[in-house]
Structures are given as C-alpha cells and as structure tokens.
Amino acid sequence: MLQPGKAVKVTIYLSDGATHHGVPLYSSILDFLFFRGVAGATVTKGIAGFGADHHMHSEQLVDISDRLPIKIEFIDSREKVEEILGKLEELAGTGLIEMQETTIAKPAQLSKPVKPLLPPHLKIEDKAQIMRIFVSEEDRWKSKPLHEALVEALRANDIAGVTVYRGILGFGAHRRVHKDKPLVSSRHGSIMLSVIDSAEKLRAFLPIVDQMVEEGLVVFSDVDVVKYAYRALDMKQQETPSASAPVEARP
Amino acid sequence: MKEEFTGRMLRVHFGEDDRWQGKPLHEAILAKCEELGILEAVVFRGIEGYGSASRIRHVSHWPYSKDAPIQMTIIGAEEQIAKLTPYLDELVEEGLVAASTVEVVRYSRAPERS
Chain A
15 MLQPGKAVKV TIYLSDGATH HGVPLYSSIL DFLFFRGVAG ATVTKGIAGF
65 GADHHMHSEQ LVDISDRLPI KIEFIDSREK VEEILGKLEE LAGTGLIEMQ
115 ETTIAKPAQL SKPVKPLLPP HLKIEDKAQI MRIFVSEEDR WKSKPLHEAL
165 VEALRANDIA GVTVYRGILG FGAHRRVHKD KPLVSSRHGS IMLSVIDSAE
215 KLRAFLPIVD QMVEEGLVVF SDVDVVKYAY RALDMKQQET PSASAPVEAR
265 P
Chain B
19 MKEEFTGRML RVHFGEDDRW QGKPLHEAIL AKCEELGILE AVVFRGIEGY
69 GSASRIRHVS HWPYSKDAPI QMTIIGAEEQ IAKLTPYLDE LVEEGLVAAS
119 TVEVVRYSRA PERS
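For the record, the sequence lines run as chains A and B.
So the first sequence is numbered by the working numbering: it starts at 15 and just counts up by one.
So the second sequence is numbered by the working numbering: it starts at 19 and just counts up by one.
You can trust all of the hints, since none of them are fake.
Label-pair restraints from in silico Cβ distances:
| hint | chain 1 | residue 1 | chain 2 | residue 2 | range |
| --- | --- | --- | --- | --- | --- |
| 1 | A | Lys59 | B | Glu96 | 54 to 64 Å |
| 2 | B | Lys101 | A | Ala53 | 48 to 58 Å |
| 3 | B | Ser118 | A | Glu115 | 45 to 55 Å |
| 4 | A | Lys59 | B | Gly40 | 40 to 50 Å |
| 5 | B | Val115 | A | Thr58 | 43 to 53 Å |
| 6 | B | Gly67 | A | Val57 | 20 to 30 Å |
| 7 | B | Glu96 | A | His135 | 35 to 45 Å |
| 8 | B | Gly40 | A | Tyr242 | 44 to 54 Å |
Below, computed lysine to any residue pairings styled on SDA-like, alpha-carbon distance capped at 25 Å:
| hint | chain 1 | residue 1 | chain 2 | residue 2 |
| --- | --- | --- | --- | --- |
| 9 | B | Lys41 | A | Ile182 |
| 10 | B | Lys20 | A | Phe219 |
| 11 | A | Lys59 | A | Leu44 |
| 12 | A | Lys156 | B | Val123 |
Rough simulated footprint, nothing fancy, chain A against chain B, three-plus residues with beta-carbon under 8 Å:
| hint | region |
| --- | --- |
| 13 | 45-54 |
| 14 | 60-67 |
Derived by calculation from the structure, the hints in this document are not laboratory data.
Heads up, the beta-carbon is just placed ideally off N, CA and C, and yes, glycines get one too.
Chain B extracted, bound-state conformation (with noise of 0.2 Å):
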C-alpha cells in the first residue's frame, strides 16, 4: 500500500551522554516518539563533530566509547510532531531541533487477512 502526504521532519542533535532520568536521551526519546505513533524514527551516532555543548565530540578508537555526536531523524504527520515538540523542550537540555516540511511517501503492507 502507497501513502503520500505533507509531513513534518524534526532532526535533533545531541551528544550520546546526554540523559534523562538515568537512561539514554536517544532511548527516551524514542520511547515518546513511538508512545505517539510517530511513523518513522532513528537514531544516528557521528563519528566527530562539536555543537551547543561546544566540546569536540569524538568516538575514540575503543569502540564504545561515549560522547560522540547523535542526531535524531523523525518524521510524522504534522499533528504528530507538534505533540512531540513540547517533550522535546522538556527533555532536551542541550541540543539543536532543526524542523522542515517534507512530502512523505509511505509504504506498507496491507493488513494480512485470515
């Protein structure tokens, strides 16, 4: 099945320490987005980079290291979005939302009938 529509796209940047309440601020986030029905969302962890925290962010050669750069991709309807919007000011302390208006196209299976 094929969908098209307008939707919303957020892009949110932080750094892989960042928290709330003790868990990852990725995983928190996540967990809302999803809590909303929010069609699409991943998290992506960069290997370099600084931002509003103003410290060079880098995954040293150890592999699990922290505090290398996240951002975040969501995408949803417009109505979705703006429910998310006030979490993110809640849970977000130090960090950058970039929003932009996006043609969506969505494809799914069609519910298996029995």
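Just chain A, same shape as in the assembly (with noise of 0.2 Å):
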C-alpha cells in the first residue's frame, strides 16, 4: 500500500489495436501491474492523437478509429517502478513511457474492510511418484465403469489424489482408434487416471490393479512434489504442540 510523500507516476503512451500473444497490449500491461502487485493503474482511451509516425488517428475516420491512443498511468514507490521498468519497456514496444516525481497527499484507501486471513497454509516438498494408468471408457469392473472403480478403489486405500483425463482420440491395448465423436454419445474414449503419491503407496496399490485391469497400461515417473495444505498444518500442529510453548495436560 502506498505512503503520503515521495513516488513515481509512469504513463506509457501506445496506440490502440496493438496486440501482445493475441490480446489487445494495454490488457497485457495491465495484467501484469496487476501481478507484479503495484498499487492502482489507469487506462484511458484517447478520442484522436499522433505519434511518433506522425500519423493523426481520430474517432471520425473510421478505417483508422481502432488505432486510437492508448494512456495507462500507475503510480507506485521508486523501487517498485525501477524493478518492473525493464519488463515494460520490453512490453510497450513502440509506444513511449514517461515517469515523473510526484508527491502523493493522501493514498487510496481500500473500499472493503480486509478480510481476517487465514492462517498461513503449509507447504510440503517431496519425492513422489506419479502412476498414470490408460484404459478405455467402455471398460468395465463389476458393471461400473472401470475408471470410476478404480478412484473408488484409490480413495479407499488412502492414495493421496487422482485426477481422470478423457482424450479426444487415441489407442492403447486394445490397437484400434478410439475417435471422440463430436454429437454421438461418446462412450468409447481413452482415459488416463493420473495418480500422485508415495513410490511405497503406488506400488502397494499395484496389486488392485492387476486385479481390475484386464487390458491397460500402467507407466510410473518420479516426480518432485510440491503440496500446499491446510489440513496437514492442523495435523502438524497436533503432532508437535509444544515445540516452543509447552502446554499443560487436561483432564
């Protein structure tokens, strides 16, 4: 949040239609102040201008009105400004920044009381394995479509998480093309589970599977896993709860 006194205001001057990867550049200069976390950004739509090609854009033409000058102004602390000036001018391309000091009287003020937060959530770094197991979406395990046994199947033996993928096209074990058939009822597809846990935990599970799958392949990768959870910092907090504060026992 921004402190009365000393700052910067940029403007970047750019013309309208510019396009940075397909969306309109003003939309992408403003993404990114927005997640480079500065404090506010304004953008105005000019009604005519010219600029360095010298040639005059004006609402009254109209082959030439999407090419209307483009202001967008933000104002943030020195050190902000300097941090993200590079990736700006890479950003604003032909247009033109300008900074200047400025003296800020009276920051804006949030328009919401802010929330309480949440208490921070964990984050879990580890070795992992990620098993993805192909089958087809008409296989079927005791009258239930086999990918839906076997979450069903993960889930009671405590694996950590699956996600079902359904391609649009493939082939697997049973060598023909399974084609995703826009408008018919598509029950022919491939599916991929793609299963994350422990190497120990997927490799006990791997006898379920032997089990429910007739016609498939399993294929396992190592993975580094990165997990953000607020559950596991109760379960943490529970299993040390007098690290630094120790607490007396109730009865």
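Hints are included, so try docking the two chains, each in its own frame, into the full complex.
Structure follows, in structure tokens:
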C-alpha cells in the first residue's frame, strides 16, 4: 500500500489495436502491473492523437478508428517502478513511457475492510511418483465403469489424489483408434487416470490394479511434489503441540 | 497377462488447429504411432493455455471451436520412441516435446485359442 510522500508516476502512451500474444496490448500491460502488485493503474482512451510516426488517428475516420491513442497511468514507489521498468519497456514496444516525480497527498483507501487472513497454509516439498493408468472408457469392473471403480479403490486405499482425463482420440492395448465423435454419445474414449503418491504406496496399490485392469497400461515416473495444504498444518500442530510453549495437560 | 519393463513417455504439446498436409496434426502423429506399433497414444484437449506459439489458446463457449491446446501422451519401448522422434521433428513445426523414462506395466488379454 502506498504511503503519503514521494512517489513516481508512470505514463505509457500506446496506440489502440496493438496486440501482445493475441490480446490487446493495454490489457497485457494491465495484467502485468496487476500481478506484479502495483498499487493501482488506470487506462484511458483518447479520442484523437498522433505519435512518433506522425499519422493522425481520430474517431471520425472509420478505417483508422481502431488505432486511437491509449494511455496507461500508475503511481508507485521508486523501487517498485525500477523493478518492473525493464519488462515494461519491452512490453510497450514502440510506445512511449514517461516518468515523473510526484507526491502522494493521500493514498487511496481500500473500499472494503480487509478480511481476516486465514492462517498461512503449509508448503510440503517431497519426492513422489506419478502413476498414469490408461484404460478405455467402455471397460467395466463389476458392471461399473472401470475408471470410476479405480477412483473408488484409490480413495479407499488412502491414495493422496487422482485426476481422470478423457482423451479426444487415441489407441492403446486394444490396438484400435478411439475417436471422440462430436454429437454422438462418446463412450469409447481413452481414459487416463493420473495418480500421485509416494512410490511405496503406489507399488502397494498395484496388486489391486492387477485384479481390476484386464487390458491397459500403467506407467510410473518420478516427480518432485510441492503440496499446499491447510489440513496438514492442523495435523502438524497436533503432532508437535509443545515445540516452543509447553501446554499443560488438561483433564 | 502382465509384463513390466522400462520405457519412454513423450508428451507433445501443440495447438488443435495445427495441420500436417491438410490433416489435423494429432491425427497424423497418431497414425505414425500406430504404424510403429507404439503401445499407447492418447490425445487430450486442454481448456486453456499458452505455449510456444505464444498465444492464449482457449475453447470458447462454442463447443467445437479450434485452437485449443492439445497434449499427446505417447508411451512405448525405448526403440519405438527413438523411431518416432525423427517424425516428430518433421511434423511438429511449433510445439514442445517433453520426454521421460518410465516404468511400464502392461496388461493384455491372453491371445484366444480355438
């Protein structure tokens, strides 16, 4: 949040219609400023103007009215501006960037009171394995779709997580091309289950896969996982309740 | 029947509107995989993304809009994948291929005897 006092105001002049990665350039720059945590930014559209190339752009000429001038302004501390200026110059391309010293008399207030923050979540980094199971959407296990039965079996065995993907095209153990035909009920697709847990737990689960999958492929590879969790934090606190402040035993 | 061996997995990323000789690129790659007897090849369509073509690709509300990100997962024995890579070099003009070594477990029905 900005403090009253010295700050820098940056103004970027662009021509409307300029694009960056297929989206309007101003929106690309605005996103960049937003995700870099700039205090605030405003985009204004001019009604007429000309730039370095000395072409007059005006609202009255229909054919060039999509090249009207665009101005992006934002105010932040000098350090913040210097930190992002390099990338900003690159983004602005042929546009002009102007900086001026300014003084903040009164910083903007948040329109809504800040919600009380949740306790910081826990970040766990670990080695794990990813197990990908390839089956067909029409495969069944005890009259239930095989992939659904696998998800239930994984959950029953406390495997950390699974995501089921449906392919739009593919072939596998059946040696026949599955095609997802639009407008026709697509019940013949390739299915991939992506399961992540420790190597030991996945290997321990494999005998269950052996029983359930008649035709299919299972592929293991090593991954480094980064897991964010609230629930694990509670568990950790329960495990080590007296690290710094011993808690008295309660009846 | 169950077999276990070490294999290779490729993940090829490109766009749904990419073509090879007028045919969707993923169909061309899939046909090549089949020809080489590769074990498993599946095409997935993402709902949003950006990549080497540096464009945000996304599927609009129109259900069959093109230009969605495509990811192909291809699994095979080391030699099969080695044979496929030169074709990918030729077919994929703009895209990304990620390769990794994997442990494969293959389940197949025993050939029927009459």
